[in-house]
Amino acid sequence: MTQKNRLTGGLIDHTKPLEFKFDGKSYQGYEGDTLASALLANDVRLMGRSFKYHRPRGPLTAGSEEPNAIIELRTGNRQEPNTRATTAELYDGLTANSQNRWPSLRRDFMAINDRFSQFFAAGFYYKTFMWPAAFWEKVYEPIIRKAAGLGSLSMEADPDAYDKGFLHCDLLIIGAGPAGLSAALTAGRAGARVILSEEDYICGGRLNSETNALDDMSGAEWALQTLAELQSLPNVRIMTRTTVIGAYDHGIYGAVERVSDHMAVPADGAPRQTLWRIYSKQALLCAGSTERPIAFENNDRPGIMLGGAVRSYVNRWAATPAQEIAIFTNNDDGHRTAADLTAKGVKVSAIIDTRTDAPTSEHATVLAGAKVKDSLGRLGVKQLSVELADGSIRNVSCEAVAVSGGWNPNVHMTCHQRGRPTWHENISAFVPGPDGPPGLSVAGSAAGIMSTHGALTSGAKSAVSALKSIGIKAKAIRTPKAEDAPVNLQPYWYVKGGNGRAWLDQQNDVTVKDVKLAHQENFRSVEHLKRYTTLGMATDQGKTSNMGGLAIMAELAGKSIPEVGTTIFRPPYTPTSMGVLGGRAVGKDFHPTRKTPSHFWAEEQGAVFVEVGNWLRAQWFPKAGETHWRQSVDREVLATRKSVGVCDVTTLGKVDVQGTDAAEFLNKIYCNGFAKLAVGKTRYGLMLREDGIAMDDGTAGRLAEDHFVVTTTTANAVSVYRHMEFCRQCLWPDMDVQLISTTESWAQYAVAGPNSRKLLEKIVDSEFDISNEAFPFMACGEVTVCGGLRARLFRISFSGELAYEIAVPTRYGDAMIRKLMEAGKEFDVVPYGTEALGVMRIEKGHAAGNELNGTTTALNLGMGRMVSKKKDSIGSILSERVGLNEDDALMQVGFKPVDNKEPVIAGSHLMAKTGEVNAKTDQGYITSAAYSPILESSIGIGFLKDGGNRKGEILRAVNPLKNQTVLVEVVSAHFVDPEGERLRA
Amino acid sequence: MHSLQPITALGGTEAQIDVIGDVTISECPDWSLTSISARLGAEKTIATVFKKALGIAFPKPMLSGTKDDITAFWTGPDQCIVEAPYTTHETLAATLATSLKTKASVTEQSDGWVRFDLEGADCFATLERSCAVDVQVMPVGGVTRTILEHLGCFVLRRSDHHFSIYGPRSSAGSLHHALVTAARSVLAQK
Amino acid sequence: MRFSGLKVIKEALTGHKGWGPQWRNPEPKPHYDIIIIGGGGHGLATAYYLAKEFGQKNIAVIEKGWIGGGNVGRNTTIIRSNYLLDGNEPFYEFSLKLWEGLEQDFNYNAMVSQRGILNLIHSDAQRDAFTRRGNAMILNGADAVLLNAEEVRAEVPFLNFDDARFPIKGGLAQRRGGTVRHDAVAWGYARGADQRGVDIIQNCEVTGFRIESGVCKGIETSRGFIGANKVASAVAGSSSRLMSKADMRLPMESHVLQAFVTEGLKPVIPGVITFGAGHFYVSQSDKGGLVFGGDIDGYNSYAQRGNLPTVEDVCESGMAIMPMIGRSRLLRSWGGIMDMSMDGSPIIDKTHIDGLYFNGGWCYGGFKATPASGWCYAHLLATDTPHETAKAYRFDRFEHGYMIDEKGMGAQPNLH
Amino acid sequence: MIINHPILGPRDAQEFTYLGDASLINRPDWQADDAAKQFYDYQYLRDNPAGEHRELWFHEQGDRSWLVVTRNTVTHEISKVELASDVARKEGRSK
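So the protein sequences, as listed, match chains U, S, H and R. Its first residue numbered 1, the first sequence is counted upward by one per residue in my numbering. Its first residue numbered 1, the second sequence is counted upward by one per residue in my numbering. Its first residue numbered 1, the third sequence is counted upward by one per residue in my numbering. Its first residue numbered 1, the fourth sequence is counted upward by one per residue in my numbering.
Bear in mind the hints are in silico, worked out from the structure with no lab data behind them. Do not take every clue at face value.
[As the list claims (entries may be wrong)] Just the calculated beta-carbon pair ranges, DEER-fashion:
no., chain 1, residue 1, chain 2, residue 2, range
1, U, Lys473, S, Lys51, 41 to 51 angstroms
2, U, Glu916, H, Phe225, 45 to 55 angstroms
3, U, Lys871, S, Lys44, 28 to 38 angstroms
4, U, Leu967, H, Arg175, 55 to 65 angstroms
Where is the CB? At the ideal position from N, CA and C, for every residue including glycine.
When you get a sec, could you build the whole thing from the sequences and use the hints?
The structure is reproduced here in structure tokens:
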């Protein structure tokens, strides 16, 4: 296994060989390699196919801006589509496959598209696929969809875990190149809390790719030395493999740390990646810059890459893309590439420099004022056709081309809050504008300061001023002597003339022609250009392609580039895994689980649980021999109505309301009166929203003159508490009221049924008289149970039976349910779940969530008279609006099937017994339905126009979803004990 | 004395303790909690009565005070929670209700919360992966309420490497799972 | 020029030299019969239908920036008519029918793709509510199918059925729902309107209204005064800002809604899927990107960008319901400004000022409404009477208690 | 976003729940002759400015204070944060 293009030196460990596979073939690389550098070392240039034309592609870059060399990394449920070979760290046993090709990378049938490229010009699909009409969905689109996309998902759940975390610092430094390192050292020595983040796995940035010296050492050596000191400082946190993805409001940055992506599998318990939310007082962007290409015909062949990338491969990774390389440049960088290549013994066939006044070179022939017209080579470049200054053509042979069109500062982060970059003439590029995120400053080449010396000094200076603004005094470090060459560049965006295609966006196959067509069809704003041609919308987000497109559009529109402007850069800076954004909140951990005090006991009973918000509640308690849930539920209902049943109702919200104005406060938030409620009494209360619609209902028990316990529905516990605090703090700040949520503090059980008192008499300590006389319906009080445990007793009923709710401190809730069951044996007590609870409340006609659906009024609910007009309460005024008080307003009533074998289905709509069935004839709907074991019939409650006056009428309950129509009779919603005798028994 | 056996928030009869690398996560069930809210107009005078009743000053915002085995920590404007051993102070709420009468509204909160203590060098790294509180700079005795595992929790720093987390009791299992998972992650990344 | 198969082939073979501008860049005339403010989907559709269906000749669309630069260019491209309430469902069904004929109608391929929309059900109460909704849809002439858990699993087996925190108990599907290439909608309407003589005037900002004794005479713009018999606002998230120039306060707030797209992937999901126990809905574009969104950030904003907690919240929901997207990557996120109304439903109505009309309050449902909104607004502008399906979208419904509150959240815009 | 709580200092906005325009503090007098009109205006009409906006946030996961935050809806810059109860009193609300 030879590494034909492997050179000596570099920042890889030649003593640590690593085996890896690409498209099934085995290769060898070294520790420190990326997949791309290792493949190049093995003389593999072809790594991918383009999106539209399926053109053969090799790496254009050596970093995260890579548009071409994107592959499927790993296999099975860890397969990662669209992974950049240029940033994927090599590890032993790495497996990668090329994507978006069939059957193989070398022979891809879809490359046929390339032959018909003239049909696939920008926006072609908007103009076609319309004939015949039916064909788009049936024929054309399925074909397009099949062809679409790049890599593929395994379709299996991601097996890895992801963490989220939070960090705080005085100064966040984004990028650990020369600017970032000198900034970090400056801030670190000053004792500031510093976070230095670097997307690469080693620090140094371009210092690792260039050969210029810093003082008497190499850039890489200086980086190592600096890093060593930073690591010794406890106030500096160095985060490599960490990409800052977005700049959010008020100094908050999102960053992704790739904890385990450089390993085959994460360590046990370790995450694959961590999403950090970084709170910074100040931030400094040292993200460097990205080189841009010069477009020419067939400039997309494997082997044609950016000059800076070639230097990176040769200098950092000791891997040359080829043995003979041509250089195409419009600035001095091209000459630097020539020097580095020859130093490594790689042949430079020519330096093609668009500048007529190009400097000469001791390393290769310089063709001044020349330009590349075209390239040859099917799966990799073999030859360039070059037009010389005198117009003559010369063929230059080469297996790779290093293209240098100048550098674009990485201004992205400065635009994440919609700041606009400004144009910098000297470097012909956009630099950060004045309206970047508050607290974010920029240094180094990201700020358009292109020399190493400039980067080092601006980094240090910027750190000093950033810290100064938050009152930390710092002194700029002495920066080493470094290269300080001026940018000597002559803007050159694309080679004119010729009829072929010159690529701008290589992944999406957007060519110069496409930009011209967009202009011709009046898609001239940058946003129109982007959307019509898809320029810059590929996985590389246009990092290497946008500028070229803008420059050409500017030329066509006869405008300057800044006049044309740029599209907005948006987060994330580089594509970010969905997994890490989800963090640990997956599967069962999506939301926390709330367990009731009787949960563990209920599990022992084999209860079936149901999610109610974040709560898990027992839905029913199956007994041996019960094969269908209805059997269990019917039994629970019948046993409760016949004797006694117990249900955990802890989930209902409880709010402790205290203070001398507590009564008056409740009087304002409930539409019915509370001011005169006696101590020791409980009252049902209906809360309206200010718009007059019912918000929630519950009870309020008065334990003392200045002390109430308010209950809310389970679903609205949080929003009702919030509303009460709003009323207290914002509307009536001078009321003496204090609110504390006590939902979790008390385990509360409903004890319902004719024998409930008998049962409770065995629980409640004897000194408390709970006889009907002493403790009548709607009484409440503090008692003790089981020999002295403090408890609260409420005589309230949701089932319509004689019933109580008993509350004890939560830690005793488990013991209490066991005690109730034991004491209740003689009455054949049953535990009942939410289903039986629901059946009984429907039998009693109590409104619940399905009825309090946010659109119903007190009137609709049959409680119109409860809304007191004699006092000020939330919602009373707007509840009087005409639209909420029409004569045929919906009224809550009950429904019984004419034939009791027929089901009543919740969600059915109500229609007259005869006549049309459609939206216009709709008279209402059924909100809740259940099978009533005591009535031996399915029953329902719901809302019917003028329902109050239509008892006895026969209607159709229609359920067109299932083609069901059931004849139902309109009845009172109180199916059970309409007069309330049982309640008061 | 009544006959009922309590269980911990995690459902055991004994407190659960997990030792993970350099951090120990312990369930602490044996504490009685009472919330105190000053009555309107008593915001100032409460301090004296409070001090008299408990020997601790009414805590300042984001701070707590401890005397012997009693701690009081700030929970909101003119509001705090008093913590004392359950065995000796099970009915603390009732006691305080009398002693603070007319000055404060007193509510038993003993079982409103589950308390987990994090102790050891890795408690910072663990909390870093759990909540947005800047635990590095939080003073000893500092307390604040924030989001942890989607839950509103109090974070109280008792000493350099000792934090108490108070979360809603019904979610004890989820909260415990989140803390343990974070601690394991820290250990695995060493 | 008309697009035809023949033309497409001819141009392909002759280097696309024959394609002209898809719309002109005219100078504003001093006076129009009708001026529509806002070159977004609704404004352009309104102009298109005014010209095509209501025989109006002298129309201008005034756009502050570039056409299609607002929400029509930054939404999640979903079309559906799965509404519950009488005030809404007929309108959205009308819209869906217009979508179905749109491409032939305006001779532009907007890639209307009816691959269906599936709303997942996670609780019995939710099933009851979706049953009522599905029935309301059918009673209004739309299509709806109620699926049980097994049926859902058969259709989308890759969802989390095994360890979901909130198990999937079924789903409400509308097979005719789907997606549309959003930008193409704006361009298609613009081209169609332009071909019928509508002046589309870009880079022209409205600075005020000229209102004389209760009558709107025209608009002041960055390019001078333009007179009109009727002025029609269709500026979505900027409605309050614009109408304040006519001293109007609106029943709405502007909120930011973020949307997201992943890197391109080979086909993953069939149609649109919405998670019923969290904030997440997703579809896959013709280019292969998973296009998804969730809840609004929740605070008033005109910033067209959101914050990280919402991004995380949406992705958590996505991972909870579709754990197999964990190794795909979020490529881009962006924000649009939603005109969140007080009951979550829109307004298409005259204002109290003669000659000044209003269309807005679309919340984040604006895109799917584009054709019907344009048609009904055109109807109102041309005939001064509301279209049959848009009668409920009145300004005064709040004052008189006729809210159209699909979610039942009341007068709090960020909850709709 | 970061909200600089008047008592607690800088806090992540994620700990808060948003309600809306601070004008919701000024609940009309239920006995006014035009109470219906006033309540309609109070409940439904908003300035919805592009620029400075006084708005109500509830520190739900924190100290349960309602705050009045003055925030620019275009830049999200926060210029002032007050306890809502103080503001309410200043604006004449009592009991």
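Hint check results:
1. Between U/Lys473 and S/Lys51 the beta carbon distance is about 42 angstroms. The supplied range of 41 to 51 angstroms therefore holds.
2. Between U/Glu916 and H/Phe225 the beta carbons are some 53 angstroms apart, a value that agrees with the proposed interval 45 to 55 angstroms.
3. At about 33 angstroms, the beta-carbon gap between U/Lys871 and S/Lys44 stays in the expected band of 28 to 38 angstroms.
4. Between U/Leu967 and H/Arg175 the Cβ separation comes to about 31 angstroms, which falls outside the hinted range of 55 to 65 angstroms.
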